[in-house]
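Visitor: Listed here are the chains, written in short residue letters.
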Amino acid sequence: SQQGEEDPQALSIQEGENATMNCSYKTSINNLQWYRQNSGRGLVHLILIRSNEREKHSGRLRVTLDTSKKSSSLLITASRAADTASYFCATASYGQNFVFGPGTRLSVLP
Amino acid sequence: NAGVTQTPKFQVLKTGQSMTLQCAQDMNHNSMYWYRQDPGMGLRLIYYSASEGTTDKGEVPDGYNVSRLKKQNFLLGLESAAPSQTSVYFCASSYSIDNEQFFGPGTRLTVL
Numbered sequence: 071s072q073q074g075e076e077d078p079q080a081l082s083i084q085e086g087e088n089a090t091m092n093c094s095y096k097t098s099i100n101n102l103q104w105y106r107q108n109s110g111r112g113l114v115h116l117i118l119i120r121s122n123e124r125e126k127h128s129g130r131l132r133v134t135l136d137t138s139k140k141s142s143s144l145l146i147t148a149s150r151a152a153d154t155a156s157y158f159c160a161t162a163s164y165g166q167n168f169v170f171g172p173g174t175r176l177s178v179l180p
Numbered sequence: 012n013a014g015v016t017q018t019p020k021f022q023v024l025k026t027g028q029s030m031t032l033q034c035a036q037d038m039n040h041n042s043m044y045w046y047r048q049d050p051g052m053g054l055r056l057i058y059y060s061a062s063e064g065t066t067d068k069g070e071v072p073d074g075y076n077v078s079r080l081k082k083q084n085f086l087l088g089l090e091s092a093a094p095s096q097t098s099v100y101f102c103a104s105s106y107s108i109d110n111e112q113f114f115g116p117g118t119r120l121t122v123l
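One line per chain: the protein sequences are A and B, in this order.
Numbered per this note's numbering, the first sequence spans residues 71 to 180.
Numbered per this note's numbering, the second sequence spans residues 12 to 123.
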């Protein structure tokens with residue numbers, strides 16, 4: 071299975087701190103994506119990183135990809151209470167569908 | 012642009028009843044998906060449609076059927092509902108199979 075597995079399962083930080091979540095997967099991928107889900111809502115796409123990229127930025131988000139270790143990390147800088155959500159990584163291989171991991175529940179305390 | 016819409020938002024069924032969940036997208040996307048999400052868990056793919064008129068099984072297809080007769084619509088049917096199908100169902104669409112997916116708001120289904 072190419073399933074992504076996020077780590078940690080849950081994370082609590084203070085507002086203003088940085089939050090780092092990790093994703094590991096098992097097989098070669100075409101790209102890896104990170105999504106956010108606020109409680110009771112659908113998922114929202116955050117960032118896509120392709121297998122030939124090592125790092126991408128989007129606002130306060132920074133994603134890295136290490137294909138040799140089959141892992142990715144999502145860094146949220148200067149966190150806000152509004153960042154409280156579950157974060158999922160999803161991996162895709164050529165011609166195959168995404169497989170979502172179980173997610174990291176992030177709580178940002180004011 | 013409404014994006015991805017799902018109907019109904021909530022549904023309660025009795026064991027053995029059948030129903031159809033509807034999904035529509037107005038982004039002219041080629042690919043559409045149905046997922047289920049159980050409490051505290053990630054998404055599991057039920058069925059997907061890479062393009063209009065085609066459908067394929069995902070990870071957990073048993074007890075479900077789908078149809079994609081029009082590019083903008085993807086229907087998920089429950090043939091004979093079981094309590095194990097109590098879940099939140101999400102529809103999503105993307106330009107192609109490995110592109111960014113856009114999600115609907117979800118349908119909360121309870122089977123008694």
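You may find that some hints are simply not true.
Said to hold, decoys possible - In silico lysine to any residue, SDA-like type, Cα no more than 25 Å apart, as pairs:
#	chain 1	residue 1	chain 2	residue 2
1	B	K81	B	M52
2	A	K96	B	G64
3	A	K126	B	F113
4	B	K20	A	E75
5	B	K25	A	S98
6	A	K140	B	R55
7	B	K68	A	N100
8	B	K68	A	A155
9	A	K96	B	K82
10	A	K140	B	P19
11	B	K82	A	V114
12	B	K68	B	T97
13	B	K82	A	K126
14	B	K81	A	Q79
15	B	K81	B	G64
16	A	K96	B	E70
17	B	K20	A	Y164
18	A	K126	B	S107
19	A	K140	B	K82
20	A	K126	B	N110
21	A	K96	B	R55
22	B	K82	A	Y164
23	A	K140	B	M52
24	A	K96	B	K81
25	B	K20	A	A155
26	B	K25	A	G110
27	B	K68	A	T154
28	B	K68	A	K126
29	B	K20	A	H115
30	B	K68	A	N101
31	B	K20	A	T154
32	A	K96	B	K25
33	A	K140	B	E70
34	B	K20	A	S156
These are computed hints drawn from the structure, not numbers from a lab.
Visitor: Give a verdict on every hint.
Guide: Verification of the hints:
no.	hint	in the structure
1	B:K81 - B:M52	31 Å, violated
2	A:K96 - B:G64	32 Å, violated
3	A:K126 - B:F113	20 Å, holds
4	B:K20 - A:E75	29 Å, violated
5	B:K25 - A:S98	43 Å, violated
6	A:K140 - B:R55	21 Å, holds
7	B:K68 - A:N100	21 Å, holds
8	B:K68 - A:A155	29 Å, violated
9	A:K96 - B:K82	33 Å, violated
10	A:K140 - B:P19	39 Å, violated
11	B:K82 - A:V114	22 Å, holds
12	B:K68 - B:T97	19 Å, holds
13	B:K82 - A:K126	32 Å, violated
14	B:K81 - A:Q79	39 Å, violated
15	B:K81 - B:G64	7 Å, holds
16	A:K96 - B:E70	17 Å, holds
17	B:K20 - A:Y164	33 Å, violated
18	A:K126 - B:S107	22 Å, holds
19	A:K140 - B:K82	35 Å, violated
20	A:K126 - B:N110	16 Å, holds
21	A:K96 - B:R55	17 Å, holds
22	B:K82 - A:Y164	23 Å, holds
23	A:K140 - B:M52	22 Å, holds
24	A:K96 - B:K81	36 Å, violated
25	B:K20 - A:A155	21 Å, holds
26	B:K25 - A:G110	23 Å, holds
27	B:K68 - A:T154	33 Å, violated
28	B:K68 - A:K126	33 Å, violated
29	B:K20 - A:H115	21 Å, holds
30	B:K68 - A:N101	22 Å, holds
31	B:K20 - A:T154	24 Å, holds
32	A:K96 - B:K25	40 Å, violated
33	A:K140 - B:E70	22 Å, holds
34	B:K20 - A:S156	21 Å, holds
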